[in-house]
Amino acid sequence: MTNCEEFISQLANKYGRKRESLLAIIHEVINQYYYLSEESMTAIARELNMPAAEVYGTATFYTFFDTKPQGKYVIRVCQTIVCDMKRKEDIVDAIYELLRIKPGETTSDGKFSLYYTNCLGMCHEGPAMLINDEQYAKLTPESVKDILVNYMKK
Amino acid sequence: MPTSTVKRTDLIFKKDIDYSAVMHKIMKMGKDEFIEELIDSGLRGRGGAGFPTGLKWKLVKAEQSPEKYIICNADEGEPGTFKDREILDNAAEKVIWGMTLAAYITGAKEGFIYIRAEYKYMQTKLRIAIDRMEQNIKALGIKFKLDLVFGAGAYICGEETALIHSMEGYRGEPTNKPPFPVTQGYLNKPTVVNNVETFVNAIIIAEIGAKEYKKLGTKASQGTKLFSVSGDCCKEGIFELEMGMTVQQFVDEFGDGDTKAVQVGGASGFCVPRKEFPNTIIGFEGVPTGGSMKVFNSSRSMYNTLENYLIFFEEESCGQCTPCRIGTQQLLMGIHAVKRKEKPKSYLDELLKLAQTMKFASKCGLGRSVGNAFGSIVTNFREEIIY
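Top line first, the protein sequences correspond to chains F and E.
Heads up: the first sequence at position 9 corresponds to 9 in my numbering, and the numbers run straight through without jumps.
Heads up: the second sequence at position 297 corresponds to 297 in my numbering, and the numbers run straight through without jumps.
Please keep in mind that the hints were generated in silico from the structure rather than gathered at the bench.
Below, in silico cross-link-like pairs of lysine to aspartate or glutamate (EDC-like), each with a Cα-Cα straight-line distance of 16 Å or less:
1) E:Lys235 to F:Glu125
2) E:Lys145 to E:Asp131
3) F:Lys18 to E:Glu168
4) E:Lys125 to F:Glu134
The structure presented is a predicted model; accordingly, all values stated were derived computationally and were not measured.
Start from the sequences and build out the full structure, keeping to the hints where you can.
Structure representation (structure tokens):
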């Protein structure tokens, strides 16, 4: 067994070998490997006794489940109307100045990926973004750079 | 300074509920009696659709099944809505006890909070609150196991049948109703699916009684409601208000003095233009809302607003049924074409017809509600869409 298969087997023990465990397992795999590789999808399929195509089909329905390599830190900037009114594009520009990536791209060192996302539920404190599970609100081009510099040091 | 005509209330975030005492009271009162109380309170689902909560619980209670489930819908994805996040962040106990109450009444032994991945940062806090509840109910002799389930970035999973599929490990695609979740829900067992705020209201009704609760709001929209206020406002945030006010009253309180439109109910809600403010009531008798109130002043382009909504819907449509999948794409391409003068102005009327068709032909609430924003913005701000 490879490390990845071993890890998934443990997850299946933890959550139970049933279809209802699928999303929880995928969440943990993505926490660990930042995306869902072919190897991990096949391993999940084997553990849950379901076709690998079903794992792929289910995973690709959800925007937070990536099946292509992602940065260690995935930045998701809210693009929905109120954050748009509060100039979300200035935030995206500031990120570009610092990391040289546009929405949809990953830095060459594999540390950051940038995406637009839909309403984060932070409209009253927009513009807002998510870095992995952490929420950041009331962003300014300066504050977003400060936040990212801290992540660069990690 | 004009006096405020908006009625503030403070039930949802008020801290002091003795949950064990409330549960004792309800256990003494009896399950059927409490259901009658809940029906009498007039509480309707706070997610936006407004199904009577008491009736939902009654239907699940009536089902003869050893397994039943209580699900809290915390997949808050409607643009401009953030009250569920605020509740879970600051009053999670009320949600958890509201669910425990539902479990006791309906005879469910297991429950889940389905929470969107965007709110994962609250995980630890919620687990601690759940542990505390599970300790406390032991003394009451109630068996109820509660767990968290995370979504993964899909607006459609806020629709209850899609949510259930997602929990079962499938693509979050809605199915036709009936069967309704009250008879065949999670794992095909009778299931209560309620919004976060609904559970909070249920426990509040258990505490203060239907008689007190009914004093708030109007006949069609009883009780209080949390409003998520954002946009061009003098104050943004979460406000607990009595239902039944007019948009004018709302704008007088929250607007920046130059309000030209209010989008009530998020992207799937209605756009109310200035001339309609005095005659439009916020509530089930007028414009219903899950609580999203987005305020636009005269510097905003309603074309941009509409385009933003359509991009949202086009991305979030699950793609299962044709009217919604193709309809959202065509509406977006259509307004682009009119703006670029590739299509005549009258093409907007064709698009309005398409939006109307989507209302009737789409499988679920997503496709059916695209026409609300589209119709109300295009009708009221036609010039802005064309020029």
